[in-house]
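With chain V held as given, fit chain Y onto it using these hints.
The listed protein sequences derive, respectively, from chains V and Y.
With the numbering used here applied, the first sequence covers 1 to 188.
With the numbering used here applied, the second sequence covers 1 to 188.
Rather than coming from a laboratory, the hints here were simulated on the basis of the structure.
Heads up, none of these hints are tricks.
Chain V is nowhere near these chain Y residues, computed Cβ spacing over 12 Å in every case:
1) S15
2) E69
3) T170
Chain V stretches covered by chain Y per the calculated footprint, using a threshold of three residues with CB under 8 Å from any CB of chain Y:
4) 103-112
5) 146-160
6) 180-188
Glycine included, C-beta positions come from ideal geometry on N, C-alpha and C.
2 protein chains.
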Amino acid sequence: MIFSEILKNRRSIRSFEDKAVPPEIINSIINDSILAPSAGNEQPWKFIIINNKDMINRIAAESKKNLLERIASNPNHSAKKYEKMLQNDSFDIYYNAPTVILILGDAGLKHTNVNCALAASYLMMSATSRGLGTCWVAFGTEIYDPQMIEELGIPENYKIIAPIAIGYPTKIPDIPHRNEPQIIKVIN
Amino acid sequence: MIFSEILKNRRSIRSFEDKAVPPEIINSIINDSILAPSAGNEQPWKFIIINNKDMINRIAAESKKNLLERIASNPNHSAKKYEKMLQNDSFDIYYNAPTVILILGDAGLKHTNVNCALAASYLMMSATSRGLGTCWVAFGTEIYDPQMIEELGIPENYKIIAPIAIGYPTKIPDIPHRNEPQIIKVIN
Chain V
1 MIFSEILKNR RSIRSFEDKA VPPEIINSII NDSILAPSAG NEQPWKFIII NNKDMINRIA
61 AESKKNLLER IASNPNHSAK KYEKMLQNDS FDIYYNAPTV ILILGDAGLK HTNVNCALAA
121 SYLMMSATSR GLGTCWVAFG TEIYDPQMIE ELGIPENYKI IAPIAIGYPT KIPDIPHRNE
181 PQIIKVIN
Chain Y
1 MIFSEILKNR RSIRSFEDKA VPPEIINSII NDSILAPSAG NEQPWKFIII NNKDMINRIA
61 AESKKNLLER IASNPNHSAK KYEKMLQNDS FDIYYNAPTV ILILGDAGLK HTNVNCALAA
121 SYLMMSATSR GLGTCWVAFG TEIYDPQMIE ELGIPENYKI IAPIAIGYPT KIPDIPHRNE
181 PQIIKVIN
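Next up, chain V with everything else stripped away, as it sits in the complex:
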């Protein structure tokens, strides 16, 4: 797929077909994502692939519970505006995607967040180039239950940076509104 088509088709997908993604395709996408640059070529990323519906539901429930607790204790929390949506039991933060990929980053490195975001960007574009759809679900980082962390296999000193829902989109939505580019200054 040419780049301009990827730009057009890489949308946040919130409705997926009931169709599994073949493991070899997931592996190819992850192989592409690690071609992202990273500060000092540190490659601070690790991946967890979840195809099990029950497990996806459990990590979604854990994240919702933790987020709602944080919102309740801090009315200025940035997710306050999503409170009603999160309280809705039928709202699935992963939009019934057949697969969730968690990109973890080494919490001890200074540039981990941005480096893993670069890998996530590559991952989302690679998925798009293969006819798949993705959604970076920031809510999904809120996993604190030690037993769940162990079950997922998250190593000590690693944190979840990009939880990404992935699957075949039922349709590709239009590009949501973008502001004009804010070019503050051109210094010639």
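Relative to chain V, chain Y alone:
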């Protein structure tokens, strides 16, 4: 350009031809970069374009000075390993690129760093698709001189997240070593 070529050709470029990048190409690249997703579609990014060689040299010198001071006062600083290189007067952190784009992010928003990293990733790929080369120069964020901040036009409450050197590469290097993807667990 098809996506697999972009993956191959998007390398960190550290040697540029002595050839300006036309302003309309820079604008097209920035237009592509704002198609990146952002949390809640917040689009926390702004851009500064610097084509002026003297200004590029001055922001590079400011960053080097500040970094060296921080390294001197903290021997555990993550940039300690680059100290010798930074002390070398002839080392240009922007590798004599004809243009530097600073991507700024709204410092008041929770996900600014990762969102601007996504825009940076789009920007670097868009540049690649147009035969240009880029290098994300993390050193370049270290600008603290109030007069320089004013001269650059950095608004209050915004911070530099991605300083990106951009120009025509003298050559495209091979892909530097990548570790095998670290897939911790597949949960089926």
